[in-house]
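Working from the sequences, and respecting the hints, build out all of it.
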Amino acid sequence: MKSRTRREFGRLTGGLALAALGPQLAASETKARVVVVGGGIGGATAAKYLAASARTIEVTLVEPKPNYTTCFFSNLYLAGLCSLESLTHGYETLAQRYGINVIHDSVTAVDPVAKTLELKSGPKLPYDRVVVAPGIAFNYDALAGYDEAATQAIPNAWNAGPQTQLLRRQLESMEDGGVFLLVAPPDPFRCPPAPYERASLVAYYFKQYKPHSRILILDAKDSFNAQDLFLDAWERHYRGMIEWLPAQFTGGVKAIDVKERSVRTASDTFKAAVVNVIPPQMAGQFAQQIGLVDQSGWCPVDPTTFESKLQPGTHVVGDATNAGDMPKSAFVANSQAKACAFAIAATLTGSERVPPHLFNTCYTFLSPDDAVSNAVSFKPAAGTIKIVDNFVSQVQESAETRHRTAREAHSWYAAFTRDTFG
Amino acid sequence: MFTPAPRVQVPSAAANGEVFPVKTLISHQMETGLRHDDQGNAIPRKILNKFICRHNDVVVFSVDLHEAIAANPFIEFYLRATESGRLEFVWEEDGGGIYVLEHHLTVA
Amino acid sequence: MAAASMCWSTTSLSLNDVVVIRAMSKGIGDRKFRDGAGLSMRKMIAVSIAVGSFILLADRSQAANRDGGTQLAAMCASCHRLDGGDGGIPTILGMGPEMLTRAMLAYRSRERPSHIMRAIALSLSDEEIATVARYLATLNK
Amino acid sequence: MEKTRPLGFTRRTVLTAAVAGSTGFASAALTSSPPPNGDAVDLVKRLTGKTPTASDRLHLVMPQVFPNGYTVPLTLLIDSPMTESDHVRRVSVLAPRNPLVEVATFHFVPQRSEPRVSTRIRLAEPQYVLAVAEMNDGTLLMTETWVEVATNGCK
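Residue numbers (this note's numbering), protein chains in the order written: chain H, 8 to 429; chain Z, -15 to 92; chain P, 286 to 426; chain Y, 558 to 712.
Just so you know, not all the hints are guaranteed correct.
Stated by the list, open to error - Facing chain Z, according to a computed beta carbon distance under 7 Å, are these residues of chain H, among others:
1) 238
2) 242
3) 250
4) 256
5) 401
6) 403
7) 405
Said to hold, decoys possible - Simulated crosslink set (EDC-like; lysine to aspartate or glutamate; CA at most 20 Å straight-line):
8) 712(Y) with 242(H)
9) 7(Z) with 242(H)
10) 712(Y) with 183(H)
I should point out that these hints are in silico values taken from the structure, not numbers from a laboratory.
Even glycine gets a Cβ: it sits at the ideal position worked out from N, Cα and C.
Quick look at the structure:
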């Protein structure tokens, strides 16, 4: 490989970029095979960067759904500020430009000894390495009266798609003066500021269309991410509209009554016009099924390669991981996926490994024109991942700064989804 | 206009002389007076500076709250009662605002 | 690492490479056009070349990954479009290595305000900043 | 932020002014530099004119490390029978490295309230938080606990 001429390089690269013109060139190589299971942010990024970083790797992405709707920015949709289509991304570019073999199917079994994955439709996929990016699952056992079936009446809306649309319809048909009750989950969960961003943007929607409505948050926690920024914004934008009750006060949510549309805490029962329950979370179903999850409910991983600590040869990225200080966010999934892709590429091609740079950036909307951001750098340390630097927007920033951050957030969305999906 | 929403959790009944918990929470920004707006002007202090709990008009517990009390003040405390009657919870705000909740306690 | 970096700084694209980039630019240019952006043809070509060279160099760096430029640039790509698209997040294409290095150092010292860029700049060594700056500069050639 | 409560005020102002409903706007306008870290006894002495005794009857329970300084949990427990002859009158919580040192004073009533209370406070920086209890005989008991916060909760 090292002796390959520049001309060959060019040909192959062209083949990668324009798969339609030259997949036959690629097929003649002896290629290492990596299968990525799950086409969310972590999976799509891993597939793309594996394909782009080493042309000697054949990348297959297995994802049942034909496209992916981002959870991030879906609170804007709930507030009527964007369409769900604008948050939906297909896999065509990954297939066409990067030559990734995209299979819309589910993996039903893994044989880590024979190194094969079994697809629901029947065939077996051989692999040298597998990357699993299953996202989150909901722990319905933790909330009496709330399960998969209940989500048809009381949405969780924590995977963007039909659940988000259902919640939007309920908010739209709610009469002015109603209460929107949001049950916020215990740590750790996907996207720590998101329940509170949701409250903010729904309040924005109410302020425009249903000014007498209120929002009540029943939290499983006693404090929450960026609480000072949220409380300050709620006071400035939505005075008196949002009430937050910590677990310390309520004793925690004990049960959901779907028929009554009410939520029972240790001390009270709260009835509301619209209820959104964000349940406690754990690693996605597939990770549980193939034994990647420990007693924490999440997948322990090596902090530099994201190889499972429970199953060598299998890597896990994204929300399903227990990655030390790294929160469960799209940016983290993207950052981990790159580190993982480069580590796998280095292993399979025998090239040198560069220590990973791990990051999180998150933009949070307090109103459409008032956004804050957070930037955190991490490094692998003592078998886990630790925060190095953590910067957050300040409470007393000018309206202009906040407006700029909001505009930046939209640009970031465009760049980030391009980075992930092609 | 904004109305702080005081909430109290307290049992409706207690045994004579038994200790029972009281939890209170009130939505309030607790503006410290230490902050400036984006023009650089100081934002005036507006906090709840006093919390009082009375049982049949007798003060049984109170707190002086200063700027370092977190927004949405939460106070959990423990009372003992030997007679039934009215529990009154009062928050006093800078500038004279007063927020009151009442609760009937039966002591058996 | 230093030796490899020096090697990169003197590397330029050969004629062969450029031919490949043109071939790639066709498809990508089409898509860009569909996006309806009011780009001039000249900018379109520049944009396409940038994307092409990103992929190309990513692949090439296989042979010289000691440099780490690809991996560092991948980090930038989470927020900065490396295809020339712009908006609230400034493009980092078309900046000379010196300019980009200066900017990163200014973020690190807080001379330029941005807590996101500050976190990034603090996480990179001087050498890594130089590497990624050189790497990004090659994308725009 | 820059402002700090004066350290020269008497015990009476610290422990009782608020009872009369006149917590100090005035004091917020006065300035002084923060006391040296760990010099708790000296601080209490200067605030009250009395020497406090470190006591294990006082329990100030706070997390040693907390991610934000904005809403740090605090629980106070005092070992006391709360009889007329032996009780705690009040407990003040002080955060010496906050821009304003006083946090709260809890007033207890013998046979009516238990000396046990929880709340949430703001801390500007990592510091020792102090609790000073005034017993019915006028003696002062004191305890302190180190709390490290990652962000300034006082701005």
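**OP:** Would you pick out the hints that fail for this structure and give their numbers low to high?
**Re:** Checked against the structure, the hints that fail are numbers 5, 9, 10, while the rest are satisfied.
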